[in-house]
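As they're listed, the protein sequences go chains A and B.
Residue numbers for the first sequence follow full-length UniProt numbering, so the first one is 1 and each next one is one higher.
Residue numbers for the second sequence follow full-length UniProt numbering, so the first one is 1 and each next one is one higher.
Source of the hints: derived by calculation from the structure; they are not laboratory data.
Quick caveat: nothing in here was measured; it's all calculated off a predicted structure.
Treat the hints with care, as some may be off.
It does not matter which identical chain is meant; a pair holds if it fits inside one copy or across any two.
[Claimed, not checked] Computed list of lysine-lysine pairs in DSS-like fashion (alpha-carbon distance at most 27 Å, straight line): (1) K209 with K356; (2) K52 with K447; (3) K290 with K362; (4) K205 with K356; (5) K205 with K129; (6) K343 with K129; (7) K343 with K447; (8) K356 with K290; (9) K343 with K362; (10) K129 with K209.
Protein chains: 2
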Amino acid sequence: MINELAALVGEANVMQGEDMARWSSDWTGAYRFSPLAVVRPGSTAEVAAVVKWANETDTTIVPVSGNTGLAGGTRADGAVMLSLDRMNQIRDLRPEARVAIVEAGVILSNLHDAADAVDMIFPLTFGAKGSAMIGGCLSTNAGGSNVLRYGNTRDLVLGIEAVMPTGEVVEIMSELHKDNSGYNLKHLLIGAEGTLGIITAAVLKLHPKPGAYATAMVATPSLDEALVLLNRLQEATGGAVEAFEYMPRRHIEVHQQINPSAREPFETPQDINILVEVGATAPRDCTVGKDGQTPIAAYLEETLMAMFEEGMLLDAVVAQSEAQRQEMWERREASAEIAMSRKPFIANDIAVPLDKVAPFLKTMAQRLPELDPAAEEIVVAHLGDGNVHYTVWQSSEDAALRDSIMEAVEDVALSFGGSFSAEHGIGTSKLPSMQRRKNPAAIAAMKAIKAALDPKGILNPGKLLP
Amino acid sequence: MINELAALVGEANVMQGEDMARWSSDWTGAYRFSPLAVVRPGSTAEVAAVVKWANETDTTIVPVSGNTGLAGGTRADGAVMLSLDRMNQIRDLRPEARVAIVEAGVILSNLHDAADAVDMIFPLTFGAKGSAMIGGCLSTNAGGSNVLRYGNTRDLVLGIEAVMPTGEVVEIMSELHKDNSGYNLKHLLIGAEGTLGIITAAVLKLHPKPGAYATAMVATPSLDEALVLLNRLQEATGGAVEAFEYMPRRHIEVHQQINPSAREPFETPQDINILVEVGATAPRDCTVGKDGQTPIAAYLEETLMAMFEEGMLLDAVVAQSEAQRQEMWERREASAEIAMSRKPFIANDIAVPLDKVAPFLKTMAQRLPELDPAAEEIVVAHLGDGNVHYTVWQSSEDAALRDSIMEAVEDVALSFGGSFSAEHGIGTSKLPSMQRRKNPAAIAAMKAIKAALDPKGILNPGKLLP
Numbered sequence: 001m002i003n004e005l006a007a008l009v010g011e012a013n014v015m016q017g018e019d020m021a022r023w024s025s026d027w028t029g030a031y032r033f034s035p036l037a038v039v040r041p042g043s044t045a046e047v048a049a050v051v052k053w054a055n056e057t058d059t060t061i062v063p064v065s066g067n068t069g070l071a072g073g074t075r076a077d078g079a080v081m082l083s084l085d086r087m088n089q090i091r092d093l094r095p096e097a098r099v100a101i102v103e104a105g106v107i108l109s110n111l112h113d114a115a116d117a118v119d120m121i122f123p124l125t126f127g128a129k130g131s132a133m134i135g136g137c138l139s140t141n142a143g144g145s146n147v148l149r150y151g152n153t154r155d156l157v158l159g160i161e162a163v164m165p166t167g168e169v170v171e172i173m174s175e176l177h178k179d180n181s182g183y184n185l186k187h188l189l190i191g192a193e194g195t196l197g198i199i200t201a202a203v204l205k206l207h208p209k210p211g212a213y214a215t216a217m218v219a220t221p222s223l224d225e226a227l228v229l230l231n232r233l234q235e236a237t238g239g240a241v242e243a244f245e246y247m248p249r250r251h252i253e254v255h256q257q258i259n260p261s262a263r264e265p266f267e268t269p270q271d272i273n274i275l276v277e278v279g280a281t282a283p284r285d286c287t288v289g290k291d292g293q294t295p296i297a298a299y300l301e302e303t304l305m306a307m308f309e310e311g312m313l314l315d316a317v318v319a320q321s322e323a324q325r326q327e328m329w330e331r332r333e334a335s336a337e338i339a340m341s342r343k344p345f346i347a348n349d350i351a352v353p354l355d356k357v358a359p360f361l362k363t364m365a366q367r368l369p370e371l372d373p374a375a376e377e378i379v380v381a382h383l384g385d386g387n388v389h390y391t392v393w394q395s396s397e398d399a400a401l402r403d404s405i406m407e408a409v410e411d412v413a414l415s416f417g418g419s420f421s422a423e424h425g426i427g428t429s430k431l432p433s434m435q436r437r438k439n440p441a442a443i444a445a446m447k448a449i450k451a452a453l454d455p456k457g458i459l460n461p462g463k464l465l466p
Numbered sequence: 001m002i003n004e005l006a007a008l009v010g011e012a013n014v015m016q017g018e019d020m021a022r023w024s025s026d027w028t029g030a031y032r033f034s035p036l037a038v039v040r041p042g043s044t045a046e047v048a049a050v051v052k053w054a055n056e057t058d059t060t061i062v063p064v065s066g067n068t069g070l071a072g073g074t075r076a077d078g079a080v081m082l083s084l085d086r087m088n089q090i091r092d093l094r095p096e097a098r099v100a101i102v103e104a105g106v107i108l109s110n111l112h113d114a115a116d117a118v119d120m121i122f123p124l125t126f127g128a129k130g131s132a133m134i135g136g137c138l139s140t141n142a143g144g145s146n147v148l149r150y151g152n153t154r155d156l157v158l159g160i161e162a163v164m165p166t167g168e169v170v171e172i173m174s175e176l177h178k179d180n181s182g183y184n185l186k187h188l189l190i191g192a193e194g195t196l197g198i199i200t201a202a203v204l205k206l207h208p209k210p211g212a213y214a215t216a217m218v219a220t221p222s223l224d225e226a227l228v229l230l231n232r233l234q235e236a237t238g239g240a241v242e243a244f245e246y247m248p249r250r251h252i253e254v255h256q257q258i259n260p261s262a263r264e265p266f267e268t269p270q271d272i273n274i275l276v277e278v279g280a281t282a283p284r285d286c287t288v289g290k291d292g293q294t295p296i297a298a299y300l301e302e303t304l305m306a307m308f309e310e311g312m313l314l315d316a317v318v319a320q321s322e323a324q325r326q327e328m329w330e331r332r333e334a335s336a337e338i339a340m341s342r343k344p345f346i347a348n349d350i351a352v353p354l355d356k357v358a359p360f361l362k363t364m365a366q367r368l369p370e371l372d373p374a375a376e377e378i379v380v381a382h383l384g385d386g387n388v389h390y391t392v393w394q395s396s397e398d399a400a401l402r403d404s405i406m407e408a409v410e411d412v413a414l415s416f417g418g419s420f421s422a423e424h425g426i427g428t429s430k431l432p433s434m435q436r437r438k439n440p441a442a443i444a445a446m447k448a449i450k451a452a453l454d455p456k457g458i459l460n461p462g463k464l465l466p
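Next comes chain A alone, as it looks inside the complex:
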């Protein structure tokens, strides 16, 4: 097998034994596994050759790019892992057309830098951006902190190139905004977690870089006032809120424990800490005035001041420099490290309507101690889109208890019109949830599609579908 793979991608690009360490667990360490080998093709043609070989030899393939997922989507016992990390070229980047054409192994923050260099942004962003790669972002339809304004990953993709389970290459690298020509395979492959095809490249949408940002940390008496703030800012700015992130007091506390040199957001610790960021694109909102402020910053300060006077704000700090803005973001983006700083943890990733985040948390605060009195919740939320990362520090490695906690979280989320899965995907960790929560006719249709496109079941088996 090793010789056959080496013939396809070169000996140096087939890893075994110790050389596979980097790929033999997810980054949280929750899942450990032993792939047969790791193969690192350097081109779409090489990916296709490996998949064809896998078909002929009935070998299962687990695609992997940045390996920063949280749902066990790259578990690869008894499979060959196909790493896309060598396909790391930005093939083209044309600001005038607002597109970047990138390979699956491009690291998200490298694309951020390349876009920034031409005064554009690729808006998708989240804590793992320094390791996460485009292939994984697309395969999980990653969300993150700017969904409120720019949508999920799929909303930022114009075209893709993918190797199908047969080894054939679907080339639909359209740069067009209208292109209705048959079933939308792009949207089918995005979010399919590598079970229907391996995305090798994509045409991504760039957006104009906001000419000015205004960023603040805000403390409110409850989440109700936070939503008032969000709505007032959206109305005042015509929908310019880029991010609206909720960190409870415990998030701040654990962040300080992990990073003792970090500054606390407020002099007095607060229960509700909101990171709000507004971005301005129209020149009239970006130009620094006589008062040394941009109009967008003035809108933010005026709104905060008014709410303070109405008693709806406990404290607020507006970033006065890019360094202060980055400090605010680093605190938020440490959430994965914070959640995984204690084990065992249960990474619940749910979504509810925005005004149901508070009732969800209130109900869980009652339910969790009933199930596991010694458990602790560690929460962070994209409040602007209703996505709550309700991580639970379980008291012990009890699998049955783990599942009943997950089930309770789902019960509560669904009771408020929510979803059991928001932005991390299903992988292996949410297969039981998928089985018990997803519409049966939808699951039947998904299984039929999987069987039709991958009859031998060679691509990322045991993931996504219960």
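Assemble chain B onto chain A, guided by the hints.
Chain B in isolation, oriented as in the chain A frame:
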């Protein structure tokens, strides 16, 4: 058969003979056909019952809603037509959550009115809005004039309910902005032209109604200056251009012939007529100032004035009232009547990058007379998204000539990085184009999906897939 169907949906809702006239051709009259019967279920359960019956009896079903398509997607010889027109309820409309929950038979303009009544908009709009229904909009992923700002139909849909070819109901009526739970069946069914399932209801996104619009007719020396205008307006307003529509002189002329009482856009007829509309949502852009103008109207006028002084504008008229604005829109929205006012016509619907619209038209002006010297082009374009409706008035009903003209249009569009199909879909009219232009691996995957979900081929056979 009639008795069986009557037992499922009631005798009054099974049409035969003369009563089927309304459903026995497309609205252009280009396609005429004889369905076995037209059945009009009144609920999702009745749709499911009809599809189950069709499965058991091996009867083919052609779903239809507003029947305003241009690609022959409802041709129904030897099939039972399933009309969704009785499913015309807006089940719920909640401006605070920015959603409307509607059935497939809701007429687009009725949804516009319902949204308007609560100061919201459902942005999808096109000429046939007074007859087109939501089911057809979703099944074709309709585009229209506001795609520039709000996206295509699929970008406006949060959740759907659909009856699958088995008769099972896929219920994924999510209202959430993050909901990654398996393959995206929503996006697969949207744009599938009723071949994979019958969409019966949807959760649609509403947007805040712009507090002010500024609308103008503009004449430029060439399309190059028109794109300068588009870019300047987007930069000045931070992306507030709602529509940017191109009408050549011939469009205006034929419009005047059809509607002799209509006013011409300019005193002197112009070759290039652009309808531009900007919408403002932030209060600071909507408030009427001392000069009687909203700031958004002032931005538009200033931009037009500057370009006029630079010699980049030949003429411009800004709408001074809602009536004038409507007059501008009626002229644009008459495009289908204009194109179909002479027969035989070939409705080519292509997309190219924005800066390739002019080269596309220039090349076609040479190619068309070579193929059919007596043919005439009648063009209208969504210039803001590169979508050109390049209709050809063919000199005779010559099917071979018709196909070679279509092929030439595709050749030229593709040579400029375009697509052979933009917003009208494939239906039956573009099956040859689909066969010769679409990536073969993509077609193979589509056929596998169709066979898996609809093994008996009962849903809208002979459409979309070559």
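So, going through the hints one by one against the coordinates:
| no. | hint | in the structure |
| --- | --- | --- |
| 1 | K209 with K356 | between (32 Å within a copy, 25 Å between copies) |
| 2 | K52 with K447 | both (22 Å within a copy, 20 Å between copies) |
| 3 | K290 with K362 | neither (46 Å within a copy, 50 Å between copies) |
| 4 | K205 with K356 | between (32 Å within a copy, 19 Å between copies) |
| 5 | K205 with K129 | within (17 Å within a copy, 29 Å between copies) |
| 6 | K343 with K129 | within (23 Å within a copy, 56 Å between copies) |
| 7 | K343 with K447 | neither (34 Å within a copy, 47 Å between copies) |
| 8 | K356 with K290 | neither (42 Å within a copy, 43 Å between copies) |
| 9 | K343 with K362 | within (24 Å within a copy, 66 Å between copies) |
| 10 | K129 with K209 | within (18 Å within a copy, 35 Å between copies) |
In summary, the numbered hints that this structure violates are 3, 7, 8.
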